[in-house]
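Protein sequences appear in the order of chains A and B.
Counting the first sequence from 1 gives a position; my numbering is that position plus 5.
Counting the second sequence from 1 gives a position; my numbering is that position plus 5.
One thing to keep in mind: the hints can contain errors.
[As the list claims (entries may be wrong)] So the derived list for chain B, only partly shown, Cβ under 10 angstroms to chain A, looks like this:
| # | residue |
| --- | --- |
| 1 | ASN179 |
| 2 | TYR180 |
| 3 | ALA182 |
| 4 | GLY272 |
| 5 | LEU283 |
| 6 | PHE330 |
| 7 | THR386 |
| 8 | LEU393 |
| 9 | TYR395 |
| 10 | PRO407 |
Honestly, the hints are just simulated from the structure, not real lab data.
Where a beta carbon is used, it is the ideal one built from N, C-alpha and C, also for glycine.
One letter stands for each residue in the lines below.
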Amino acid sequence: MTQFLNALVGGIALGAIYALIALGFVIVYRSTHILNFAQGAILTLGAYVVYVFAGPVKGTNFANPWHAFRLNYFVAIVLALIVMAAFGWFLESLVIRRFKGQPVFAMIMATLGIGIILAALKSWIWGTSPVNLDLPLGDKRIRIGGLNGIAVNYIDIFTVCVVASIAVLFFFVFQRSRLGTAMRATAADQEAAIAQGISPSVIFGASWALSCALATLAGVLLASGAGSITAAQVSPSLGAFALVGFPAIVLGGVDSPEGAILGGLIIGIVQTLAASYEPKISQYVGVSFWQLVPFLLMIVILLFRPSGLFGTKEVRRV
Amino acid sequence: MKLPIATLVVLALSVVGLAVWALRDRAAAPVSGYAEEHRRFKTVGSKIGLFAGVLLFISAPVGFSWIGIGKVHLPNQLIPGLPMSDSWLTVGVFAAIYAIGAIGLNLLIGNTGQISLGHSGFICLGAYSTGYFGQDLTIGGKHIPGLLWILIAGILGALLSAAIGPFALRLRGNYLAMVSLLLVFLAQHIALNWVSFTGGDVEPRTDLPGVTLTLWPGKPIQFRDAGDAIFFNDYFLKPVQGYFWLCWGIVAVAAIVGRNLLRSRQGRAMMAVRDRDLSAEVIGVRQMYTKTSAFAISGAFAGIAGALYASYLGTVQPASFALDFSILFVAMIVIGGVGSIQGSILGAIAIAALLDVIKLTEPILSKIPGYQADPAKPGLTFSVLNQLLYGVLLILFLMFFPRGFAGLWQRLRRALAGWPFAG
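So that you can see chain B by itself, here it is in the shape it has in the complex (with noise of 0.2 angstroms):
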């Protein structure tokens, strides 16, 4: 289908146009009392944007064949022509399943101020888990259900991480953060040693789980094994697909948490400790009990992750779990925002969709000297080019937006609510 250019423009004016209005609508009064900011939509924008997510969500897998419109599945499309493509899903997955871990890492670091560079060990716990509680592990002969492992793995992940919350009481800052590369080490030296379990880097094990829900007796879906998967009056659907639901399902359901965590008196104590430690206590906010429990809640997400991530893959090496991986989570939640939920999942998306997004630039790097399309050569290849993007990002989001995507989000609806006037 091809649109003349006029009315190509009148739509994208009238888009931007209908974007102004709704965010200018209330975003000009300032907050007045607790009732307003604990709205659930603060603006008509705010309204409209859940509806597209909503929408994006449901059928950016398949398009919209769910209300006779279209095929199951185009393959080759970008985003703006519903639905995505293969490679494009699969970003998406790992977008989600970055966004769990980055959620929990927010709250740990934005939120409660407690630096923390061992994420990635709590990540490789929930992956191994699922080994044993989704594979290994049968009760009267069958596995355990796939939402069940993946909890287990939570609730893992959560135990594991508040062991540290004793030592977050001793040590702050810089210390915090030296500690935490031990746990990162510690996960990679048990990984690679427990062959028996993990197999460890030569034949790493690749019978991870995929995840079946039985939503209706006798019709189990499979997330994974294509080929038993029933969905939609007998349309099958691609593990990619069932994934990106099922993992941006898990990242509503994290956010939510996420938010009424921060809306509550356990959030309040959290940013109170961030803020000033030794006045929080004094005020009578419990330092270890905060503490450790916000270790705790971060490392039930980074174990959610962990567990997706592994089941998603099917395989896992010691060797992914590395301290750069880590590092990756951390970054997420400066570019996203450092103590924002919609900044982590900003963030995630940003990070996880760099290497795609700079393989659609390959017409114009290809004439770039010292290009090279082998991967295994010294040159700018597109994973180098990824990493040196990903730095230079990093460096530029904290020198200039240090409040990250969500910051920058919040700026322009300001300017938006004043236009044409600054402020």
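Extracted from the complex, chain A is given alone in its bound form (with noise of 0.2 angstroms):
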């Protein structure tokens, strides 16, 4: 039981992340209907700059003039999310608004070419051998319960907390601002949206911003450690886990924002308790199960309710 609680927490520390990635999937979605394979690359080169701006453990000596500001990482989180946003608005008005319109297979090859990139610049200025912050909260962790209760980790809660406060925030600029209304009537119907004096091309920017924005923070909480199942570490394999942001987005719905963060939340509780009981179940399906898991789970979803849970449902006219 303590092991299920435990794993519990952790997965929905690990979801909440997976909802940032979803989210930051369904934005663009909606606005370009991109699908952005990029994310992962995004989200490691997120992390690699807080790294700039946080520097490396104090007391480490590395020679790598890319780091002299050693801020105070929460500082640097704010300020890496500005950068990246920046960078999020460069892509999309140089390479991403080229694609416009073009077959699928075109702007899929964009996202995955820009994830190549990316990758080759990040093994190029960091290497490819992880790195480590300097984490004010640590391995900290609170016990409920005893010794053998449950033990619940500060950068699980400080995540949980950025998550919800994100998706509040989120919601309220989706639904109330200009922008964000801007942003769905953009998705809804285009023309009519330049009919009512708003520009396709800032949406799109934002859109992009914002994802970036987002992946970079999915970024950051991964390498401080959150969600138990990560290595505390910035290193290129970060990656992987905005490639788990596609069940969650299948599972909510890919136009749904509120389906993302559900859609998140359950693939990341699902594949952490399929992390915590592999002991049990390696036996019969073999090592590292886990992160199978949520795939699998795409599929059965994709061809049982291909809508998710709150798309819109696809209609094809002859």
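Put the two chains together into one complex, using the hints given.
This is the structure:
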């Protein structure tokens, strides 16, 4: 029971991160109808940008000119969010805009290409070996119910709080503000939106900026050790977690922000449970089966409910 | 041999002139009717091209020794001075293996319009199937012949891939791409966990078989164990030389199969499904059959490519068949030309040769700040630059030449046909 509850707590934290990633996918998909396969590379880049600002663990001598700032962890995250949002806007206006209205295949390949380039740039600048962030929260945890009770990491609590406040803020912006209304209008009918004086290019840029900022936040939270199945390090392998955003958005419905958050949470919990019971199930399904679980779930959902929990049903006209 | 500059210039100009003349021929006239479209050789240039290709195929590994010119194998020579050096022959072998996989993937993505990122899963299957059918399985104490287990790898790939067809009936575009990710993860998961067969990633099995062909009794040609390879009046062949012929031979067969497919009813059905699957269904194209068979064909080519890959290397690791490997194949068909057989081959050559071309530029490269010779350290190493260039190429081709090398070739031909006038 303790194991189950522990996994549940870790799963909620991991699911919150998946929710951020999935929200990033949904925002981009709604506005530009692109499935962003570069999200993994952007997420990792974001974590490295935080590393640039926050610097390595104090006392380690790392002769890389890229991080002379050594700022506070939280300040570094805010700065990285701004930098990566600008990067997202730049990416949209430089590359993505040219693929508007092109076949799905070209768009997928374009985002894959961006991912390849970003991965190469990262190994150019930072190499491929993992680096450590100087974490103020560390691996401190509170225990509930004695020594054998549930242990909750501070970083998990922090993650859930951050994601919850971002989700509230996002829905407030998305439903109430001018920008959110403009985004929804553009997604619904681009021509009508233009006729109302909304500039689609601003909306597209803003969605990519938002998506990149969310990915950055997800990346730095993963690299800080939230969700307990990750090593608390910044490394190129972080990108693999972004792919789990696909099952999350499929579960929630690819064009539904609330679905993305719920889908992310469910996928995170299921995956952490599978990881937690790994010693018991690995003799039947193999080692590190938990990495496969979200994708198996995705197939099942796609075959039986392709529009997910909240997505709009696809209608095809001949 | 040193030629005077003037001779070289005259030689180069005459080659260019010949090429222009050959390309101009008939390319100007628009194609009128099926008979014209289905001619074997549309221009004199294509005849010359075929001749040059066959000559290159035969002589690249051994030079012209078979007609009595030169030695069997000269080390460290580049393309113009045949034969090629070992490292370039290796590039050639991988280009051929990639080309087989890329032709299969192009039939699926380029001609049937089904986006799949799961190609490396089928290559993984083909690679490991050689371990059983080529090595573990013995009938009456003897291994089964080389070409047979390559064929079995293809059949296995086709069977597994055909199982994806029904999924493609319900899922399109983005969704199919997401589902195909599972194939890669599943294949890797099985390869990692079936330790008794694959050896996992800790001790990957190193006994994957080399191809042995018995063309005449008593004289088997072993393509990998060089000590036993006897060919061409007792000349010894290195494995890379043997595999160059073997793999490019299979590329030729694959290209002919692919081209025939596209020229036939099946190919037209595939393209109809790509352009609009509902309309295709309305005019009587069976969607289920067409999609399933397209997946099967692509899987068969992937299985054969995987078998050759494993057999040439002798050992493979589960980590080789990651998502990046699939993306590599999709990049090949984008760079080469979506929906074109020649394009698949050109793209495969470009991707396979990229790293070695970069290595040629080392004298210039080493002057760039940030250049790093040690591949383990952060910095601009060969592999980083390779990855960077490959990504940049992919994006640039998508933006500016969406029809790849094949499209560029068409444009060049059209430009030459009307020269000096535009169009």
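To see whether the hints hold, each was checked on the structure:
| no. | hint | result |
| --- | --- | --- |
| 1 | ASN179 | holds, 5 angstroms |
| 2 | TYR180 | holds, 6 angstroms |
| 3 | ALA182 | holds, 6 angstroms |
| 4 | GLY272 | violated, 19 angstroms |
| 5 | LEU283 | holds, 5 angstroms |
| 6 | PHE330 | violated, 13 angstroms |
| 7 | THR386 | holds, 8 angstroms |
| 8 | LEU393 | holds, 4 angstroms |
| 9 | TYR395 | holds, 6 angstroms |
| 10 | PRO407 | holds, 7 angstroms |
Figure legend: structure checked against the earlier numbered hints; hints not met, in rising order: 4, 6.
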